[in-house]
Amino acid sequence: MAGVAGNQPLYICRNCKNPIALRSDLLSKAFIIGAKCSFSKIPFFRGKKGKSGPAYMFSHAMNIIAGQKEDRKLITGAYSVADIYCCNCGEILGWKYLRAYEMQQKSKEGKFIIETAKIAKEY
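Position one of the sequence shown corresponds to residue 2 (the working numbering), numbered consecutively onward.
What the hints contain is simulated information worked out from the structure, not anything from laboratory work. Glycine included, C-beta positions come from ideal geometry on N, C-alpha and C. Where hints are given, some of them may not hold.
Quick list of the computed label-pair ranges, beta carbon to beta carbon [stated by the list, open to error]:
no.: 1; residue 1: Ile-33; residue 2: Gln-105; range: 13 to 21 Å
no.: 2; residue 1: Tyr-124; residue 2: Asp-72; range: 21 to 29 Å
no.: 3; residue 1: Ser-81; residue 2: Gln-9; range: 12 to 20 Å
no.: 4; residue 1: Ala-121; residue 2: Arg-100; range: 28 to 36 Å
no.: 5; residue 1: Gln-106; residue 2: Pro-55; range: 15 to 23 Å
no.: 6; residue 1: Ser-108; residue 2: Lys-74; range: 29 to 37 Å
Calculated pairs, BS3-like style, for lysine-lysine (alpha carbon to alpha carbon, straight line, at most 25 Å) [claimed, not checked]:
no.: 7; residue 1: Lys-30; residue 2: Lys-107
no.: 8; residue 1: Lys-30; residue 2: Lys-74
no.: 9; residue 1: Lys-30; residue 2: Lys-112
no.: 10; residue 1: Lys-122; residue 2: Lys-18
no.: 11; residue 1: Lys-112; residue 2: Lys-70
no.: 12; residue 1: Lys-112; residue 2: Lys-122
no.: 13; residue 1: Lys-112; residue 2: Lys-74
no.: 14; residue 1: Lys-122; residue 2: Lys-30
no.: 15; residue 1: Lys-112; residue 2: Lys-18
no.: 16; residue 1: Lys-107; residue 2: Lys-122
no.: 17; residue 1: Lys-107; residue 2: Lys-70
no.: 18; residue 1: Lys-107; residue 2: Lys-74
Please model the complete structure; the sequences and the hints are all you need to start from.
Below, the structure written as structure tokens:
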């Protein structure tokens, strides 16, 4: 697990309290995960499905495991993404944008979308 230097506000896994992202890496609170988003079918994580609802975009995340790369058609276009999981408890947290196929969405590449229901703020 990656440690956090100093007393920086951060987001932790709601399930196991593992640090996931720094507050300073939060880019947007304006994301919604649609009910039709499919998540990876990695055997170890089978049954740990994400839900629909609000999500945050982060520039960086820590203490995560990335699943297999897959192409998805999302509301704003087509992307290559990888689901992300807490490295401690295996909870699915959201996904990482690996590649955007539309030029106007290229700014999302390398960013992390994390469900708000899966994280908690810690000070």
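Hint check results:
no.	hint	result
1	Ile-33 - Gln-105: 13 to 21 Å	holds, 19 Å
2	Tyr-124 - Asp-72: 21 to 29 Å	violated, 38 Å
3	Ser-81 - Gln-9: 12 to 20 Å	violated, 31 Å
4	Ala-121 - Arg-100: 28 to 36 Å	holds, 30 Å
5	Gln-106 - Pro-55: 15 to 23 Å	holds, 20 Å
6	Ser-108 - Lys-74: 29 to 37 Å	violated, 19 Å
7	Lys-30 - Lys-107	holds, 19 Å
8	Lys-30 - Lys-74	holds, 21 Å
9	Lys-30 - Lys-112	holds, 13 Å
10	Lys-122 - Lys-18	holds, 10 Å
11	Lys-112 - Lys-70	holds, 14 Å
12	Lys-112 - Lys-122	holds, 19 Å
13	Lys-112 - Lys-74	holds, 17 Å
14	Lys-122 - Lys-30	holds, 13 Å
15	Lys-112 - Lys-18	holds, 22 Å
16	Lys-107 - Lys-122	violated, 28 Å
17	Lys-107 - Lys-70	holds, 17 Å
18	Lys-107 - Lys-74	holds, 15 Å
In summary, the structure is inconsistent with hints 2, 3, 6, 16 from the numbered list given earlier, while agreeing with the others.
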